[in-house]
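One line per chain: the protein sequences are A and B, in this order.
Heads up: the first sequence is residues 536 to 732, going by the numbering used here.
Heads up: the second sequence is residues 6 to 174, going by the numbering used here.
FYI, nobody ran anything at the bench for these hints, they're computed from the structure.
Every residue, glycine too, gets a C-beta built ideally from N, C-alpha and C.
Hints may contain errors.
What the hints assert, rightly or not - To spell it out: a stretch of chain B is covered by chain A in this simulated footprint if at least three of its residues, at any positions, have a beta carbon under 8 Å from a beta carbon of chain A; those stretches are:
1) 48 to 61
2) 72 to 83
3) 129 to 136
4) 139 to 145
5) 149 to 159
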Amino acid sequence: MWALNDYKTVFIAAELIGVLVCCIPSVMVFVRLPPGETFSELYVLGSEHMMEDYPSNVTSGVDYLVYVGVVNHLGNAAYYEVLVKFRNETDPLPNSTSMTPSALSPLYTYRVFLDDNGTSEVPLTFSFSSTSFSGGQSTVGSLTINGVQSLVDKSSSWDAVNSGYYYQLFVELWVYGPASDGFTYNNRFVSLWLKLA
Amino acid sequence: MGGGAGLRFWVNVFAVCLLSVCVLCFVRGAFAVTFQEASDQVAAADQALRVAFNSVLDAEQSGANVSVLLPRLNEAGVALSGAEMALKAGNYSDAVSGALACKSLASGVSDDAVVLKNGAVAAWGYWWVTVLLSVAASVVFAGAVFLVWRWFRRGYVKKMLGSRPEVTG
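With the sequences and hints as input, model every part of the structure.
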């Protein structure tokens, strides 16, 4: 059996804990906890919402489906712009070191608003048309993304190492900053290598 | 008589044709949208959407729960993206209608964000209620624990005094 002083200690501890718990709402009124690490996620999933079944061998006139996901961990609501671009092997990609986007014009753009820890997954259906092959070179005449057709007229040379004509569809994430009243590149991009057949 | 009726018939036909041409020209003039007009509307919608988002952010920083506003902002964003695509494709009337839809939605969101912000600021004005309730709860809890302690101590002492030494072995 415990001594009376041991029980006294237990009661005092219980009392202190209880008082602290009762004070938490008041403390929360005045104290704002600093947000943790703030960042945004950008990812691409296959047609089954999985990290597989990505389109890789593509032909003219066929629809391909992927999902583009954005997750907000900025600690507050965020306004994103997602830019879809298309390049051949010589066109510039975004530069992760200098944190600059690709100089190519977007073929398709959409906006998404997310609250903190919110996620968005948007389907991206794309298809090629007016493709041609001649003299060790292929050309893509137009690319349709989510029903919006763009004339791209982009050529790619035969890649002897990987045996094919390769193009890249890539997605850049931009975020709106109220201070600058403009969008800045978030240094996030995902891409799909597409072998045209 | 017969020649007069024939002439009147052809005059009427000519008048109807002339009227039709005038109406077509008038309608075309009234509803045709130029690139500049469409472009201005899209730019205005873009600005309205930024203002709406800034209002939402402002409300959130005041402590308001803005989750209900974000789906409407997304709807406005879809309308604006559609308007931009239509503008790019040369479909100016669709661009204008998309931009107007975006502006209307964004304006509604801005108004509601201000209401939410005012509600959050007013709720912040009652911070002393929270503090008072916390203090009251702390005092009640401390008093209750103290009473339980006294009751327990009395029972403990009584039990100790009531027990007799026992020789074992």
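Quick rundown of the hints versus the structure:
1. 48 to 61: holds (count 5)
2. 72 to 83: holds (count 6)
3. 129 to 136: Result for this restraint: holds, n = 3.
4. 139 to 145: Holds: 4 residues of the region 139 to 145 of chain B have a Cβ under 8 Å from chain A.
5. 149 to 159: Since three or more residues must qualify, the claim that chain A covers the region 149 to 159 of chain B holds, with 6 doing so at under 8 Å.
This entry satisfies every hint, going by the numbered hints stated previously.
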